[in-house]
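Line by line, the protein sequences are chains A and B.
Per the working numbering, residue 1 is the first one in the first sequence, and the count goes up by one each step.
Per the working numbering, residue 1 is the first one in the second sequence, and the count goes up by one each step.
No lab work stands behind these hints, which were simulated from the structure alone.
Note that the structure is a prediction, hence the values are computed from the model and not measured.
Mixed in with the good hints there might be a few duds.
In silico DSBU-like pairs for lysine-lysine, Cα to Cα no more than 35 Å straight-line [stated by the list, open to error]:
id	chain 1	residue 1	chain 2	residue 2
1	A	K133	A	K18
2	A	K133	B	K362
3	A	K126	B	K40
4	A	K126	B	K362
5	A	K126	A	K111
6	B	K274	A	K111
7	B	K274	A	K133
8	B	K362	A	K18
9	B	K274	B	K362
10	B	K362	A	K127
11	A	K111	A	K133
12	A	K127	B	K40
13	A	K127	A	K111
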Amino acid sequence: MAEAITADGLTKAFGRTKALDGLDLTVHTGEVHGFLGPNGAGKTTTIRVLLGLMRADGGRATLLGGDPWADATELHRRLAYVPGDVTLWPNLTGGEVIDLLGRLRGGLDGKRRADLVERFGLDPRKKGRTYSKGNRQKVALVAALASDVELLILDEPTSGLDPLMEEEFRQVVAEERERGDRTVLLSSHILSEVEALCDRVTIIRAGRTVEAGTLDELRHLGRITIDASLAHVPADLGSLPGVHDLSSYGSHVHLSVDQPALDDVMRHLAGAGLRSLVSRPPTLEELFLRHYRQDAPVGAAR
Amino acid sequence: MTGTWALLRLALRRDRWLMPLWILGLALALAPVGYLSSIKAAYPDAVARQHFYDLNASSATFVVRNGPLYGSSVGNLLAWQCGFVPVVVGLIALLTVVRHTRTEEEAGRRELTGATVVGRHAGLAAAVLAACAACLAFGLLTALGVAAQGEPVAGALALGAGFALAGWVFAGAGAVAAQLTWGASGARGIGIAALVLAFLLRAAGDGSSAGWLAWLSPIGWAHRLRPFAGEQWWVLSPGVLATALLVVAAVALSARRDLGAALLPARLGRETAKASLRSPLALAWRLQRGALLVWTVCLALVGLLMGGVAQNVAEMMRDNRAVAEVFSRMGGGGAVLDAYLAGTMTLFGLAAAGYAVQATLKLRAEETAGRAEPVLATAVGRRGWALAHLTFALAGSAFVLAVTGAATGIAYGSGFALVPAALAQLPAVWVLAGLAALLIGFLPRFAAAAWGLLAAFLLLSLVGTALQWSSTVLGISPFQHLPRLPGGTFSVTPALCLVLIAATAVVASLLALRRRDIPVG
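Assemble the whole structure, with the sequences as input and the hints as a guide.
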């Protein structure tokens, strides 16, 4: 089975709010997939549909080869989920919650549990009501990561963690990726995290997929940024097709170029007495912002 | 203390409905102003009152419940009938202080106000002031209301002062408790434990020869002011002193701790879960057992009390036709004692329905708190999750009723004979659980309306029967179709119908739950 998750034209409305509006998502088995979107783009709703907690109004979804709504209980044995907003039972300790959720899922790797508790610096003896947001998140993360499952669904798992723990989380996920047999769907709006961890990403906006592919593929869609020092700045540089955001001071120019026009622009620069050149592919942040700076209204529900 | 005035206004603003409601409601509608007219109506002359005095002043059960009865004047009877009021005022004062201190801190709102220009102790001071002012207003209203109906002014003042002072002492106790624990619920627990201790000391002192025990209790002080029986004004001083000491202690404790911290450390629990915590039912047990225990103990205590006073009540009712008629209408025909017990069982049925509704609504509480989602994302199906909690609503209410029936019977002297009578209430209790489940399945946002249904049935049972509403209207309440036990006869058909209705509702709710989104906001 090559696809762990497929979603095809998912729609879901809450009253008059369209949370999902034709969302597509494909996650290959064994990859770490970044699921990007600003607050209210529909990330959590998509995940709830994939978990069979919510029923899509339209479209089709498969999860681990099954129907997420009809086969929910069976499929849940093979996945672990960390919600975006973790709330714990006030009178259960963190350790009890980890064990309970693991057992309800069908089992927990005791050694790995101990290892993760140690690495995240979690005190599992505290009662749920006394944990901070970050520590609640750690409880849910340990419960999910210590389960021997095929698929991990993580909804903004690091939003409450401090930088040290975020780094620890990255390492743990990187190790999961090394194993090769686990699939991870990582919803996030922390771009550096996604850039560091993910093989492929899907960017959504207002309940619709706007971009999907490997980071390299996405970069090809973006503009390349160029900083160059020239003997003389050609006057027609700004009028070349594919050149944007041109600025120059003295002999220095800064511009961004669409991928297909790069060859042509480089030739122009070389002809102008190139002294130094720095070129940079688009960052995920630039790709991301490009989609969100558009003026169409953004849906309100998550 | 900078900012106390601003925070006091904030507290009063937040309680602008709650506070007037309890002050006016408690003073005018129920006790003491409302009681006065009912006492005058039920015991119009000195002979009747003397009879009442002879019957009750020496009855240990009644004295334990209400405190000493000092004489046979209307004022004496009033003060005695209001014996529980200091407990209620103390409870409200305590909860008010905790609500405005520890709850605020736990919710993180005190951090918000604490970062503005307010003094360290301003929040504590504002909470205590708000509670004490409310108690004082209640005391004054009581004194005014009673004096205005022609009772001696000194007695009316002593009565109101006793109430207000009990409130003050427990406001102080609440302030101390709020410094001790980690969470508001722990603070409430300590405060309520102190209140129960004060009540037990008072009851033990009044009910036995060790009268000095009652002097240790702030609730006892309210009685020992002797309203309408040669007021002992100096008894006000221990109350004022205790309040002052408690507030000073709370301030000293609060100065020694950080925001959010507690003097009693948060206890650490288990590092790993017990082997048994591995099913939705085991989880539901952990989440529901506390409430089940509290309901069972409280109702069993009420059962002991109701069973214990049964004989006295029967005597009183034989003398008082009006009271007897109310009881027999509510509880059906038969001997007066049976009528009283059957009426008591109806009350227990309604109370057990309260438990059943609460246990069922736990499902909805788990859903809105976001705690259903992680469970349902495991291999637990929705039906299994829902049934785990419904088990407590259905079987738990049976347990509550059985224990309560047994307690009533033991205190009454008939052993376990009243257990079947208590269990006969179950079909109606289950109907309410089923209706609550139905709301959760189909109209989750309005699930709390189950409490409204219970209130409506309560109204029909208590007020509707007393006012002799038509049987069609009364028949809306499932409790109206239950047998009147003891004394009546048990017929299978209505009980079976109610059980079927409950079962249908539960099944329909499970089907609806399978079809809808979770969570629904």
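Hint check results:
1. Between A:K133 and A:K18 the CA atoms are separated by roughly 29 Å; this keeps the pair inside 35 Å, and the hint holds.
2. Taking the CA atoms of A:K133 and B:K362, the gap is near 23 Å; set against the 35 Å cutoff, the hint holds.
3. Proposed proximity of A:K126 and B:K40 is contradicted: the alpha carbons are some 58 Å apart, above 35 Å.
4. Of the supplied pair hints, the one linking A:K126 and B:K362 holds, its CA atoms being roughly 23 Å apart against a limit of 35 Å.
5. With a C-alpha separation of about 20 Å, the suggested pair A:K126 and A:K111 falls inside the 35 Å cut-off, and the hint holds.
6. Of the supplied pair hints, the one linking B:K274 and A:K111 holds, its CA atoms being roughly 17 Å apart against a limit of 35 Å.
7. Distance check on the hinted pair: B:K274 and A:K133 sit about 25 Å apart at the alpha-carbon level, within 35 Å; holds.
8. As the CA atoms of B:K362 and A:K18 are separated by approximately 30 Å, the hinted pair is consistent with the 35 Å bound.
9. As the CA atoms of B:K274 and B:K362 are separated by approximately 23 Å, the hinted pair is consistent with the 35 Å bound.
10. Annotation: proposed proximity of B:K362 to A:K127 holds, straight-line Cα distance about 20 Å (limit 35 Å).
11. With a CA separation close to 25 Å, the supplied pair A:K111 and A:K133 stays within the 35 Å bound.
12. Under the criterion of a C-alpha separation no larger than 35 Å, the hint pairing A:K127 with B:K40 is inconsistent with the structure, at around 55 Å.
13. Restraint check for A:K127 and A:K111: the C-alpha separation of about 22 Å stays at or below 35 Å, so the hint holds.
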